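**Q** Chain by chain, the residues:
Number of protein chains: 2
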Amino acid sequence: MKLYDYYRSSAAYRVRIALNLKGIAAERAFVHLRHGEHTQPAYAAVNPQKFVPTLEDGAHRLTQSVAILEYLEETHPAPPLLPGDAAGRARVRALAQVIACDIHPLNNLRVLRHLGTALGLDEAARNGWYRHWIAEGFAALEAMLAGHPATGHLCHGDKPTLADLCLVPQVYNAERFACDLSPYPTIRRIAEAARRIPAFADAAPEKQPDAE
Amino acid sequence: MKLYDYYRSSAAYRVRIALNLKGIAAERAFVHLRHGEHTQPAYAAVNPQKFVPTLEDGAHRLTQSVAILEYLEETHPAPPLLPGDAAGRARVRALAQVIACDIHPLNNLRVLRHLGTALGLDEAARNGWYRHWIAEGFAALEAMLAGHPATGHLCHGDKPTLADLCLVPQVYNAERFACDLSPYPTIRRIAEAARRIPAFADAAPEKQPDAE
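Protein chains in written order, with my numbering: chain W, 1 to 212; chain A, 1 to 212.
No lab work stands behind these hints, which were simulated from the structure alone. All values reported here derive from a predicted model rather than from experimental measurement. Certain hints may be false.
The list treats identical chains as one, so a pair stands whether inside a single copy or across any two.
With a straight-line Cα cutoff of 25 angstroms, these simulated DMTMM-like cross-link-like pairs (lysine to aspartate or glutamate) come out [to be verified]:
#1 207 to 74
#2 159 to 175
#3 22 to 123
#4 159 to 123
#5 207 to 122
#6 207 to 56
#7 159 to 210
Work the whole structure out from these sequences, hints included.
**A** Here it is, written out as structure tokens:
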């Protein structure tokens with residue numbers, strides 16, 4: 001397999017954790033988002049959205065991080081990253097999608113740039129935007145996690161699931177933008193526990209070969 | 001089952017199509033988003049994100065539309081809404097997530113309201129925002145669909161998949177906001193074909209009991 005990656009991409013970070021947990025060695029190709037390498041024709045031919053990650057597996061070229069996680073789960077089922085029951089899987093996918101659909105896409109680099117270039121927002125206003133959607137999303141996540149009997153050391157029981165793979169990169173980003181995480185003790189507790197797992201620790205942005 | 005629904009919610013629209021295709025009769029509870037019913041404590045207790053849809057199945061309360069679609073696929077496998085091969089499933093999920101992650105969350109009601117109240121954007125500027133993210137997302141989708149051998153009458157072959165369930169509501173919204181869809185002939189062709197299927201037609205916003 002070959003992963004098109006960028007150390008600070010939180011969507012790529014999710015896939016790095018999955019590859020580590022499942023013991024899959026993947027070749028890496030680094031696409032420098034801040035230098036705009038993703039917008040060049042060579043990468044647009046790989047991924048029409050011009051996003052990272054892209055995962056190549058033989059002749060298959062896979063895009064969208066959550067679709068990639070589901071593909072890895074199906075093709076490399078051990079260790080499982082989804083629970084054994086349909087309702088549990090639905091809960092884990094919902095937790096993952098609160099992040100993957102309703103937090104991260106509002107706050108990624110292309111949106112922050114658009115707020116600056118098209119709407120003329122300065123850095124303080126862009127940071128306010130960022131923190132607003134973190135607060136909205138994390139308040140919902142905290143409510144979904146704190147009161148639920150299936151929540152364990154991690155988001156769903158004590159073993160990593162897709163929910164944790166999405167949570168840890170999002171918490172990393174929130175800390176980078178100096179968001180106040182004190183209202184979310186369950187999120188903080190789970191992120192701390194997950195980060196101690198080597199597969200998560202080794203996937204962290206600062207550990208990647210392209211980190212600056 | 002019981003679906004918490006709102007006729008104009010495109011995430012709920014996806015689930016309505018799935019229920020129709022799979023022949024599942026669900027009780028309906030209507031949550032009026034424009035009247036703010038979703039922000040009331042009664043509904044926040046049902047869904048901590050205060051979004052529609054929510055699907056109740058016995059003791060299970062399911063949120064996030066794509067997680068709900070996957071749950072329905074697992075618990076009611078006929079007719080299948082995902083292909084039989086892992087790479088095909090990954091493609092369908094990626095197409096669905098281009099919409100569910102990278103178009104719809106940027107353009108939903110809470111974001112448009114925030115642009116108005118927090119950033120002071122007038123209606124013309126909000127519509128510009130809307131159309132910008134439709135154009136970004138549909139350009140990528142068109143490239144993913146037009147050139148791919150697996151694209152058929154619908155997004156993946158000739159039978160409905162999760163990708164079509166996400167595409168039709170997004171095209172409906174784009175038309176409502178008067179987006180120019182002429183650059184996306186494959187998207188328009190597929191949406192037209194899917195809309196002729198009764199399960200899709202019956203799920204359309206204007207056909208719902210709470211339509212205004």
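**Q** Each hint: holds or not?
**A** Hints, verified against the model:
no.: 1; hint: 207 to 74; in the structure: neither (27 angstroms within a copy, 37 angstroms between copies)
no.: 2; hint: 159 to 175; in the structure: within (24 angstroms within a copy, 44 angstroms between copies)
no.: 3; hint: 22 to 123; in the structure: neither (39 angstroms within a copy, 48 angstroms between copies)
no.: 4; hint: 159 to 123; in the structure: neither (39 angstroms within a copy, 47 angstroms between copies)
no.: 5; hint: 207 to 122; in the structure: neither (31 angstroms within a copy, 44 angstroms between copies)
no.: 6; hint: 207 to 56; in the structure: within (22 angstroms within a copy, 42 angstroms between copies)
no.: 7; hint: 159 to 210; in the structure: neither (29 angstroms within a copy, 42 angstroms between copies)
The structure shown violates the earlier hints numbered 1, 3, 4, 5 and 7.
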